[in-house]
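A.B. asks: Chains as they are written, first to last, in our numbering: chain A, 950 to 1454; chain B, 20 to 410.
I should point out that these hints are in silico values taken from the structure, not numbers from a laboratory.
Every residue, glycine too, gets a C-beta built ideally from N, C-alpha and C.
Be a bit skeptical, because a hint or two may be false.
[What the hints assert, rightly or not] Simulated restraints, written as ranges between beta carbons of each label pair: (1) 1046/A with 143/B: 56 to 62 Å; (2) 1224/A with 223/B: 50 to 56 Å; (3) 1091/A with 136/B: 40 to 46 Å; (4) 146/B with 1021/A: 40 to 46 Å; (5) 143/B with 1087/A: 15 to 21 Å; (6) 142/B with 1299/A: 17 to 23 Å; (7) 1062/A with 143/B: 24 to 30 Å; (8) 1268/A with 144/B: 31 to 37 Å; (9) 142/B with 1375/A: 54 to 60 Å.
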Amino acid sequence: MATPILEMRGITKTFPGVKALDNVTFSVARNEIHCLVGENGAGKSTLMKVLSGVYPYGEYTGDILFDGHVQQFRGIPDSEQVGIAIIYQELALIPELTVYENIFMGHEIRKGFLVDWNETIHRADEMLKKVKLKVNPATKVKDLGVGKQQLVEIAKALSKDVKLLILDEPTAALNEDDSENLLQLLRELRSQGVTSIMISHKLKEVISIADTVTVLRDGKTVCTLDRSQVTEAALIKNMVGREIDNIYPRRDHKRSEDVVLEVRNWSAHSQQLARDVLHNVNFTLRKGEIVGFAGLMGSGRTELALSMFGNPDGYQVKGDLYLNGQKQGFKQPRDAIKAGVAYVTEDRKIKGLILAQDVKQNVTLANLQAIASNGVVDNNAEVKIATQYRKDMNIKTPSIEQRVKNLSGGNQQKVSLSKWLFVQPSILILDEPTRGIDVGAKYEIYTLMNRLVEQGMSIIMISSELPEVLGMSDRVYVVSGGQIAGELPIEQATQEKIMELATAN
Amino acid sequence: MSFFGQLQQVLRKNIRDFGMYIALFVIMLIFTVLTKGIFISPRNISNLINQTGYIAVLAAGMTLIIVIRHIDLSVGFLAGFLGAVAAIALVQWGLPVIAVIPLVLLLGVVAGLITAVLVAYFGIPSFVASLAGMLIYRGLLLRATIKTGTIIVPNESFNAIGNGFLPDIVKDSNIHILTLVLGAIAIVFFILGQFRDRRTKMAYNFEVLPNTIFLLKNVFIALIIAAVTWIMASYNGLSWTAVVVLLVVGVYHFITTRTVLGRHIYAVGGNPEAAELSGISVKRITYIVFGSMGFLTALSGILFTSRLQSATTTAGTLFELDAIAAAYVGGVSAAGGVGSVVGSLIGALVMSSLTSGMNLLGVDISVQYIARGLVLAAAVIFDAATRRRGA
């Protein structure tokens, strides 16, 4: 067997508090399409960022061999130099510029000091022929559909004499025709000597295209399978095949029949993305239960939560929402909060907290009226409340006057939770409640969730961590492609079943 | 720990809060020495305060505008235009002062709300929306004064706002007794407030200044209030402009630090998305903050027209930039969510002390601009540096 084009040996990459990659070994043979699969957070994207130089040499340990030579990339230009090109999920094109300008962005064809536009357009045309895209190179990128933009990205990579093309979920935003087109193109490029690595969650697609598949799980390489061994069952088994650790506090699953929230025929259209983010969603939430919303990233779960919670992103929403049997039309988050709904955001730093303000100000923010008279905040009451939550939630901070940006992720999350508990909600929506926090803090949050439902609160838990979904939920909805792909009672839910539903669309 | 060790530690920890006070002190000291005492003379200080007035009220409003991550370039010529409206109302329409002032203030609020509609409803960047306003108000100012040129305002009670002083309670005294009394009251209230605040904080086991430093701080600030009071009392006493500025800063300080509204404004500035998701209407806050800016702009226009005793065709030129500079010197952060009204007042005083001191020294206007530019840059660099260190 010839030497592989790429060998990554013993790659370890740690972020503060998390080992994202743990001694990963990854080898890609020349002229193959190699798929990289794994759950969210398994380390796929991190591994590709190490490879492309986003995380420069020195920030990780281990060796990268490309074309038989040891490489020490200090940045993306270094990896591009040897012929590695990466295409991210979020396309890196500039919408207001033309196709040819985008293709040669960063490596413009020069004539002296000036850009040689004639040669640029000519060469761009050649590249577009290679990717079988029939558009005028002078078209602005914003006027192309996502599928065609994807092809422009590939044309851009080809213009740099790429040897190894990396695609991070290239078909996630594409419809079936465009996806099939793209896969066909990868096959053709393979015959022309371009090796591809493709990250994908769509297992059917992986099975149809992959020469080899490597499965990552929890930052480790689980196995590498060749074409003959790849089946959907084998992939799912390897992706999720971990023991569920015993970190979930026990709780009896109660069966209440009181429906506190019902959503019917709920659809949402995003003008910004020019597509439907939710399509005909129906679900119920009963009093005192935890309902898990499982699915892959981008499946529409956060959009569902936001569209219900006063719709601050301005989707065009259709459908009905009943709270305790009464129809509601929340116009802004404030209305939802008043009706007893709280939404703990997915990203506490970007959407959850005011980082420059202190713990007490963040805790009281959503319900300041409660500690104010005539619009003047009672500072003493505020201190009392913040002190109480600090104790109840075990927030580790030197003082309640500490700015939240100086707290650890787990403690920030507890501040965020405190803020929402202070509004005394009856329905709590938790979006990835334990992402990026340590096991100890996780356990505390799980215990808190159990305590809250025992007190009669109802919780919607959006989570991409299957063990968490299985460990905490009374019922599970699986969301895929903006739709409910299935509902599973907890007794019947398994990681395999959820994965199957989540990757269906 | 030794007293000086403590002092050093406290200073280092709070350098950002104390920085501009120290800067103001140093600038005043340097000019006092260079002018052989003329700078600190009662007459000059009194003038300095009256000259700062119309910028200081703008800076208070601009602080909140910048805190919620916007900017308002229209305030200069809006102040000029509304000042001209006041003059016309008094002189040509013959309205009494008591009617003119509320009318102009109301017009200011309306103008502020128009900018807010452009920003919050139409989503136009505030830079562009207020730039359009700047051009429009400049045109309106020229139209308002096109026939008459400068409009002289002969109304004494109106002109007292920018030039007059509080009447004294004791007649024929060499020193202004009422001013001294007010100064003494201010000192007592300040110190009582400080002690009460400290006691509450200690009851909650919060970090407080060490005893000696706390006393030193109180003595120091009391001395400064006493000195300023003494200087003003030995001239004509407290000017009406100073009263207006103190009222505005006092009310805005209270709103920003103690009320729900103030907290919502800073939350929107710190993280608009998080604020919206916490049930705060970002639009509503935008309307309120721009409305308040319009109100203060009208006040600034009244102060300026009154100070000049006339409305001129170029009134308000570059006021907006002076107000923005004052806010930045006073520690407002361009990133949003950080800044205080009191800080901006100090910033305004820093900038006008520079002008006043250099005027006394006969420094050429060209050099004055350069010096003020350097101080603005230095203040922002200092702010960025301490922010990074303090995290």
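A.B. asks: Now, for every hint given, state plainly whether the structure supports it.
C.D. replies: Comparing the hints with the structure gives:
1. 1046/A with 143/B: 56 to 62 Å: 24 Å, violated
2. 1224/A with 223/B: 50 to 56 Å: 52 Å, holds
3. 1091/A with 136/B: 40 to 46 Å: Since residue 1091/A and residue 136/B have Cβ atoms about 29 Å apart, the given range 40 to 46 Å is violated.
4. 146/B with 1021/A: 40 to 46 Å: Holds, at about 44 Å.
5. 143/B with 1087/A: 15 to 21 Å: Violated, at about 31 Å.
6. 142/B with 1299/A: 17 to 23 Å: Holds - the Cβ-Cβ distance for residue 142/B and residue 1299/A, about 20 Å, lies within 17 to 23 Å.
7. 1062/A with 143/B: 24 to 30 Å: Violated, since residue 1062/A and residue 143/B (Cβ atoms, about 38 Å apart) do not stay within the stated range.
8. 1268/A with 144/B: 31 to 37 Å: 34 Å, holds
9. 142/B with 1375/A: 54 to 60 Å: Given range 54 to 60 Å: violated, Cβ gap about 35 Å.
Comparing the model with each numbered hint stated earlier shows that hints 1, 3, 5, 7 and 9 do not hold.
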